[in-house]
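So the sequence lines, in the order shown, correspond to chains A and B. Numbering-wise, our numbering puts 134 at position 134 of the first sequence, and it's gapless, one number per residue. Numbering-wise, our numbering puts 22 at position 22 of the second sequence, and it's gapless, one number per residue.
I should point out that these hints are in silico values taken from the structure, not numbers from a laboratory. Mixed in with the good hints there might be a few duds.
[Claimed, not checked] Heads up, incomplete: computed chain B residues facing chain A, CB under 8 Å, no partners named:
1. 145
2. 225
3. 263
Computed from a predicted model, the values in this text were never measured in an experiment. Note that beta-carbon positions come from the ideal geometry of N, C-alpha and C, so glycine has one too.
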Amino acid sequence: MSEPAVPVSALPGSDAGTRSRVAVGVMCLSGLLAYPLLLSPYQMDVARDALIFALLALSLDFLWGKAGMLSFGQAAYFGIGAYAVAIIGPMVPSANAALAGLAVGIGMSILVAGSVGYFLIYGGVRGPYLTVVTLALTLIARNIATAWASVTGGEAGLIGAPSPGISIGGWSVVATDSVSLYLLVALVLAAVLLVVWLLCRGRYGRILVAIQDDEGKARSLGYDTSGHLLLVFVASGAIAALAGGLYTSVAGYVAPDLVGLLLSTQAIVHVALGGRGTLVGPVIASVVAIRLQQEVSSYSYALWPLLLGAFFIAMVFLFPNGLFPLFQRLFDMLFRRHGKGGPHG
Amino acid sequence: VYLELALNILTTVSILMLIALGLAIVFGLMNILNMAHGELVTIGAFTVSLVQAHGGGFWLGVLAAMAVGAAFGLALERGLIRFLYDRPMGVILATWGVSLIIQQALLLSFGPSPQIVFAPVEGSLDLFGYEYPRYRLILIAATLVTVVATALVMTRTRFGLDLRTVIQNREVAELLGIDTRRVFMIAFAGSSALAALGGALVAPMSKVLPTMGAEYLAPSFFVVIVGGAGSLAGTAAGSAVIGGLRTILDYQVPSTLSQALVLIASIVIVRFRPRGLVPA
């Protein structure tokens with residue numbers, strides 16, 4: 001590889017302020033992940049689903065926040081993963097059933113995202129155009145889920161998806177109770193978050209920032225910008241499929257209601273609310289927003305979509321960077337006031 | 001049988017053209033995507049149904065739909081979009097919010113069951129020994145009239161000249177003293193009126209539901225992407241490709257599969273003609 005070096009001064013995350021912010025982020029997140037363990041099994045299941053949607057939001061933030069491509073297609077990949085586990089899983093008799101389904105789902109997702117992304121991204125399609133094509137992906141995924149009833153179970157969906165488990169040689173373990181399922185989901189989320197964060201923190205993240213800033217310039221510096229964008233597009237689809245497969249596996253069923261524009265919309269809201277490109281922000285925002293959604297829906301079922309719509313408009317005008325960065329700035333202010341050796345003074 | 005196929009293709013292409021025309025003009029002009037475009041189609045269909053429910057005729061309803069659509073587009077442009085011309089992503093998100101609100105508001109006030117719209121004519125016409133529904137022929141004719149009228153406005157009027165100048169080069173247009181903001185406003189209102197007209201005209205042949213607009217949103221975007229933004233010829237070419245392919249495939253394979261195949265075809269076309277079949 002003869003890619004040009006980036007000056008070290010451009011390296012984010014090396015000053016004291018960032019380090020303490022990371023520390024607080026980790027603390028908040030571990031608190032958030034550990035808290036539901038104290039709750040009743042039912043509430044733990046609810047929290048578990050919220051974490052799966054947080055994983056979906058994370059997949060979108062990787063794509064939208066780090067590579068600047070807004071996608072309405074996350075629900076399509078989520079659906080591929082979800083249905084793969086429900087369809088392939090029961091065919092595999094061992095404890096590896098869910099894993100097999102997940103592998104097939106993620107593989108198919110990579111195939112779909114890879115071929116769609118190849119034609120579009122190398123065809124020079126960017127920005128709004130790309131968003132519209134991903135919208136169509138979700139619409140088609142929904143149609144397939146409802147119309148291809150012999151395989152997908154139609155409107156009724158499929159039940160009997162295998163629980164997550166693993167078997168190596170004679171040893172096998174399957175997670176079935178609420179606590180272990182919750183821990184499993186929390187671990188997967190934390191692991192994916194860590195990987196994406198490390199990836200974006202280093203050199204690769206800076207390449208993506210350069211592409212977002214000015215793709216033409218990044219290309220003339222010698223980067224294969226289309227290749228990098230395609231890679232993120234495919235990786236994001238794979239993470240979304242992982243979220244979908246995980247959902248089916250822990251919930252035990254899948255229904256077409258799950259796959260649709262509403263799910264994609266929800267992921268966009270979580271990312272926007274948490275702050276695009278912050279990775280941790282969308283994860284926290286998902287959990288908070290899903291809790292809020294339950295409250296609002298128990299009060300009036302029709303109110304939530306109206307609030308969602310109003311939120312989109314408010315977001316564009318009032319807080320284009322999301323709410324999480326506001327908290328971050330607040331924290332920085334506090335930090336600078338109390339700690340005397342602050343980063344800037 | 002071939003005549004039937006040809007007429008069915010013409011019907012689908014007509015509907016697509018009516019709805020995509022406004023979208024193509026707005027996108028070519030201002031480079032923004034209006035995600036609430038589908039809801040303008042819905043509003044057009046609901047307006048006709050309301051006018052008919054209160055004893056008005058179908059054509060009165062169509063006129064009312066255009067007026068309501070234009071008023072709505074004007075309100076949307078003045079109230080929201082004019083602040084966001086330099087933020088295309090902001091427009092997508094804000095208009096998506098508008099679309100969610102309109103869908104839910106219509107659902108709350110009219111309920112989930114389909115509204116009823118009567119066609120102005122019943123029965124079918126004998127065409128060379130083949131029976132074809134009269135209303136579909138009227139739809140095709142109405143589309144033709146609309147497209148010709150839009151073409152005349154774009155080529156023969158002062159506004160049309162301004163519009164085409166802005167599409168070609170916004171800076172130069174401003175240097176020439178064209179009030180681009182005014183052009184945007186009128187074009188947006190006009191595009192909304194066209195979408196509402198499309199909705200009003202398809203209302204007798206489809207289920208008039210609060211969510212009906214979403215079905216037209218993605219296909220009409222594809223028409224714009226495949227055909228090329230900002231030109232009538234591009235919209236016509238795009239509609240012909242998408243609508244024609246869809247109708248022919250619907251005869252051979254299940255509707256879901258044909259939808260997916262049309263998507264694949266459009267994506268492949270975009271790869272080789274990134275600026276559309278007929279760029280502006």
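A quick look at each hint next to the structure:
1. 145: Hint on residue 145 of chain B: violated, closest Cβ of chain A at ~29 Å, above 8 Å.
2. 225: At 6 Å from the nearest chain A Cβ, residue 225 of chain B passes the 8 Å test, so the hint holds.
3. 263: Given a least distance of 5 Å, the restraint on residue 263 of chain B holds.
Violated hints amount to a single one, hint 1; each of the other numbered hints is respected by the structure.
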